[in-house]
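*Asks:* Based on the hints, put chain B in the right spot on chain A.
Below are the chains, spelled out letter by letter.
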Amino acid sequence: MSTVEPGKNRAPIVLVVLLILQLLSMSWYGRTRDGQQNLIKSWLLTAVYPVQKAGGGVGSFLSGIWQGYIDLRGAKETSVKLQAENDQLRQELFKVKEELAASRRAANVLELQKTLPYKSVAAQVIARSGSDFFNKIIIDKGRLAGVKLHQAVITPAGIVGRVVGLGPLSAQVQLITDNYAGVGAQLSESRAYGEIKGVGKAFCEMRNVSGLETVKEGEAIVTTGLDGIYPRGLLVGYVQEVGLGSGARSHRIVVRPAAGLDGLEQVLVLELSDQDLQIDETLK
Amino acid sequence: MQVVKIVIAIILFLALQSLLPNYIPRFASGVLPKIDITLILTVYLSLKRNPLQGTIVGATTGYSQDLISGVSLLGAGSFTKTIIGFTVSTINVRFAIDNKLTRLFILVGASIVNVLLFLGLHYVFNSVPQDLHAPEIVKLTAWQAAGNLIIGFFLFPILDRIFVQDSYLANGRSSNW
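So the protein lines, in turn, are chains A and B. So the first sequence is numbered by my numbering: it starts at 474 and just counts up by one. So the second sequence is numbered by my numbering: it starts at 25 and just counts up by one.
Just chain A, same shape as in the assembly:
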């Protein structure tokens, strides 16, 4: 009498069904890009939030222990008490400097929050995606704090991105360097309009700027407000490199984002009115 092992016969069927569903998912999201909110995403963001939030504290604690171990070994190796004290003082000084810099950054964000003509929510970055395929971060404020989908996220230095995923306690932000990010932008000196596109790297590209316009390296680029996500006049970045175009061809402009996207800690989520959040269909 033969026994049927559980899962042995059903596995290939389940595999095929799952693979077909995933291919459909890829085709769908490949066309619609992102910015789509779904319930599972909201649940997952909520489920991993406590670990991500606690991760910061545990990380600091562990790095403190590790640093202590390194210091101890250094003291043994040198066998000089003064050297150890000196190292310790340096560590403390470094720590104080770091704390001071962190407070300054937080103060800058709060200062910006006061001066902005819009309501905003201050948030802290708690996690980031590790791949250039999807430049996104997770912040510690979500639906309960008043954050909504497609809201603009900025720092005192410049724009960061927009909210593309939302949980009750946290939100996912698509950085302007993401492959599918787009920002309506304008050169500050020539006043030429164009579109900032992420290319999945540390910088962006400004496209559709006529090859007849004069573009200087280092020139600032600001938002136009025409994309319905970012208000007009916010700093996007600076021209890093210009591939000169012609009468028939646009310039190829490489843009260095003004907000240091690699080291983001505190950000502001702008609470614009619903009317301001109407997204241009071509940017979706």
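Because the hints were derived from the structure by calculation, they are not lab data. Note that CB positions come from ideal geometry on N, CA and C, so glycine has one too. Be aware that one or more of the hints could be misleading.
What the hints assert, rightly or not - Sample of chain A residues facing chain B (criterion: CB under 10 Å; computed from the structure):
| hint | residue |
| --- | --- |
| 1 | Leu585 |
| 2 | Asn608 |
| 3 | Asn652 |
| 4 | Gly720 |
To be verified - Just the calculated beta-carbon pair ranges, DEER-fashion:
| hint | chain 1 | residue 1 | chain 2 | residue 2 | range |
| --- | --- | --- | --- | --- | --- |
| 5 | B | Leu36 | A | Leu617 | 16 to 26 Å |
| 6 | A | Pro641 | B | Gln26 | 45 to 55 Å |
| 7 | B | Ile186 | A | Val489 | 53 to 63 Å |
| 8 | A | Val489 | B | Ile174 | 27 to 37 Å |
| 9 | B | Leu173 | A | Tyr542 | 45 to 55 Å |
*Replies:* Here is chain B on its own, set in the frame of chain A:
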């Protein structure tokens, strides 16, 4: 109880994967992270499970990672890990490869498949970042295989303690879900 353990492990590993770039950016960021601990978990659990469960674990882990990391091609990571989950558990049922040494080889193989299939899907769906050529892909694959091997070497024994006596084959091929 085992299902709860697995769900908690998946949530924990997803959160840790998203925290890695904060602490070890050199190894956890770039075109693809050099360490994918959710893949390590998928391989580990697939080795302990029958093919059906291995497939479901792979699909769940991959899809959740796609959602959390905000991948634009939703389903690419899931597709990859579903195939890895099914393949690893099927091979294990046939050849009983769940031992300390061979599972590390399996992890290296899974890492190579993970990178190549993930990138392949992005090529098919025209979503691959610019300037990614064959030498870079080879380097990425080698980095992830090496990164996962080193982390897996330390992580597998820890997972053994958490999922103690939780082997599909050791339990006489009976499902304890």
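*Asks:* Taking the hints in turn, state whether each one holds.
*Replies:* Evaluation of the provided hints:
1. For Leu585(A), the interface hint is violated, since its Cβ never comes within 10 Å of a Cβ in chain B; the closest pair sits about 23 Å apart.
2. With its C-beta approaching chain B no nearer than about 9 Å, Asn608(A) sits inside the 10 Å limit, and its interface hint holds.
3. Look at Asn652(A): its Cβ gets to within about 6 Å of chain B, closer than 10 Å, so that hint holds up.
4. The closest approach between the C-beta of Gly720(A) and any C-beta of chain B is roughly 26 Å, which is over the 10 Å cut-off, so the hint fails.
5. Distance hint check for Leu36(B) and Leu617(A): the Cβ-Cβ separation is about 23 Å, which falls inside the suggested range of 16 to 26 Å.
6. Between Pro641(A) and Gln26(B) the C-beta distance comes to about 29 Å, which lies outside the given range of 45 to 55 Å.
7. At roughly 31 Å, the beta-carbon separation of Ile186(B) and Val489(A) lies outside the given 53 to 63 Å, and the hint is violated.
8. Hint check: Val489(A) to Ile174(B), Cβ distance near 35 Å, so the stated range 27 to 37 Å holds.
9. For Leu173(B) paired with Tyr542(A), a C-beta distance near 25 Å fails the hint of 45 to 55 Å.
Against the hints set out earlier in the document, violations occur for numbers 1, 4, 6, 7 and 9.
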